[in-house]
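Build out the structure end to end from the sequences listed, making use of the hints.
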Amino acid sequence: MLSIIQNIPNVKTYPLTYVFEHMKLQHKPNTLWLEFGVASGTTINYISQFTKEKVYGFDSFEGLPEKWRDGFDKGAFDRNGDLPPVNRNVELIKGWFNETLLTFIQTKNEKVSFIHMDADLYSSTKYIFDVLKDYIDTECIVVFDELVNYPGFDGDKGELKAFYEFITENKVDYEWIGMNGTPTGMSGYDHENVAVIIHSVN
Numbered sequence: 000m001l002s003i004i005q006n007i008p009n010v011k012t013y014p015l016t017y018v019f020e021h022m023k024l025q026h027k028p029n030t031l032w033l034e035f036g037v038a039s040g041t042t043i044n045y046i047s048q049f050t051k052e053k054v055y056g057f058d059s060f061e062g063l064p065e066k067w068r069d070g071f072d073k074g075a076f077d078r079n080g081d082l083p084p085v086n087r088n089v090e091l092i093k094g095w096f097n098e099t100l101l102t103f104i105q106t107k108n109e110k111v112s113f114i115h116m117d118a119d120l121y122s123s124t125k126y127i128f129d130v131l132k133d134y135i136d137t138e139c140i141v142v143f144d145e146l147v148n149y150p151g152f153d154g155d156k157g158e159l160k161a162f163y164e165f166i167t168e169n170k171v172d173y174e175w176i177g178m179n180g181t182p183t184g185m186s187g188y189d190h191e192n193v194a195v196i197i198h199s200v201n
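81 is the number that numbering that gives the first Met the number 0 gives to position 82 of the sequence shown; each next residue is one higher, with no gaps.
Treat the hints with care, as some may be off.
[To be verified] Pairs of lysine-lysine residues, derived as DSS-like cross-links and limited to a Cα-Cα distance of at most 25 Å, are as follows:
#, residue 1, residue 2
1, K73, K11
2, K73, K53
3, K132, K53
4, K93, K132
5, K66, K27
6, K73, K27
7, K73, K110
8, K170, K66
9, K51, K11
10, K23, K110
11, K51, K23
12, K110, K51
13, K125, K107
14, K110, K53
15, K93, K66
16, K110, K27
17, K156, K73
18, K156, K170
19, K73, K93
20, K27, K53
21, K107, K27
22, K66, K156
23, K132, K170
24, K53, K11
25, K23, K11
26, K93, K53
[Claimed, not checked] Simulated restraints, written as ranges between beta carbons of each label pair:
#, residue 1, residue 2, range
27, E20, M0, 29 to 37 Å
28, D133, N88, 21 to 29 Å
29, K107, K11, 29 to 37 Å
Calculated directly from the structure, the hints in this document are not laboratory data. Quick caveat: nothing in here was measured; it's all calculated off a predicted structure. Glycine is no exception: its CB is placed at the ideal position from the N, C-alpha and C atoms.
Right, here's the structure in full:
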């Protein structure tokens with residue numbers, strides 16, 4: 000699993016900022032921009048500034064459904080179900096991913112061209128990729144919020160394992176965009192985020 004992260008470029012800045020302010024990502028017509036893990040809404044409000052279309056955010060607003068890692072037990076990030084204030088072109092989908100995502104994507108029946116993956120957990124991230132694999136657009140950009148550089152990132156609880164299984168269980172042509180720093184041996188949230196472009200899924 001660790002072999003896939005050895006050649007991630009160092010873009011020396013927050014990958015989400017790099018995607019929108021350096022790569023100048025544009026919203027392709029008739030495609031979806033999605034965020035998984037909204038919390039206080041800071042990131043989805045930032046993303047929504049770069050499109051006139053809707054950005055959809057998924058969250059239970061009741062915290063993690065299970066323990067992720069030390070310091071992040073079941074219920075971490077709980078907002079007692081309260082939705083955060085968001086920009087006018089943001090729509091929040093309240094509920095657990097496994098209760099909301101499948102119906103949403105089948106109803107929309109559109110390709111997904113951007114994902115901000117802040118689901119934290121392996122189980123949640125795995126579910127998202129399983130549901131969306133047939134809806135991922137060519138050249139879809141995914142920004143992971145916590146992929147590497149935290150205690151246990153290379154174990155069985157995080158986003159990395161879910162992405163590894165996604166690319167090995169499907170014919171995925173992907174390319175790392177980059178991260179701030181290197182994929183191992185660094186500490187701090189600034190070095191956990193990684194952006195990738197998915198050229199195709201077959």
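### Message
Does the beta carbon distance between K107 and K11 stay inside 29 to 37 Å, or does it fall outside?
### Response
Holds, since K107 and K11 (Cβ atoms, about 36 Å apart) stay within the stated range.
### Message
Check whether the Cα positions of K23 and K11 lie no farther apart than 25 Å.
### Response
Holds - the C-alpha atoms of K11 and K23 are around 17 Å apart, at most 25 Å.
### Query
Is K93 within 25 Å of K53, Cα to Cα?
holds, 16 Å
#### Entry: Given pair status - K66, K93, alpha carbons within 25 Å
Distance ~20 Å between K93 and K66 Cα, so the pair holds.
### Task
Starting from K73, check that the Cα of K93 is at most 25 Å away, please.
holds, 18 Å
### Message
Check the hint pairing K156 with K73 against an upper bound of 25 Å on the C-alpha distance.
### Response
Roughly 13 Å between the alpha carbons, so the hint for K156 and K73 holds.
### Task
Quickly compare the C-alpha distance for K66 and K156 to 25 Å and report which way the hint goes.
Answer holds: K66 to K156 is near 9 Å, not above 25 Å.
### Query
Are the Cα positions of K93 and K132 separated by 25 Å at most?
holds, 22 Å
### Query
Between K51 and K23, is the straight-line Cα distance small enough, at 25 Å or below?
Given that 25 Å is the threshold and the Cα spacing comes to 14 Å, the pair holds.
### Query
Under the criterion that the straight-line Cα-Cα distance not exceed 25 Å, is the pair K132, K53 satisfied?
holds, 21 Å
### Task
Decide if the proposed pair is consistent with the structure: K156 and K170, CA atoms, cutoff 25 Å inclusive.
holds, 23 Å
### Message
Please verify whether K125 and K107 have alpha carbons no more than 25 Å apart.
### Response
With Cα atoms ~21 Å apart, K125 and K107 stay inside 25 Å; holds.
Hints 1, 2, 5, 6, 7, 8, 9, 24 from the list above are not met by this structure, while the remaining hints are.
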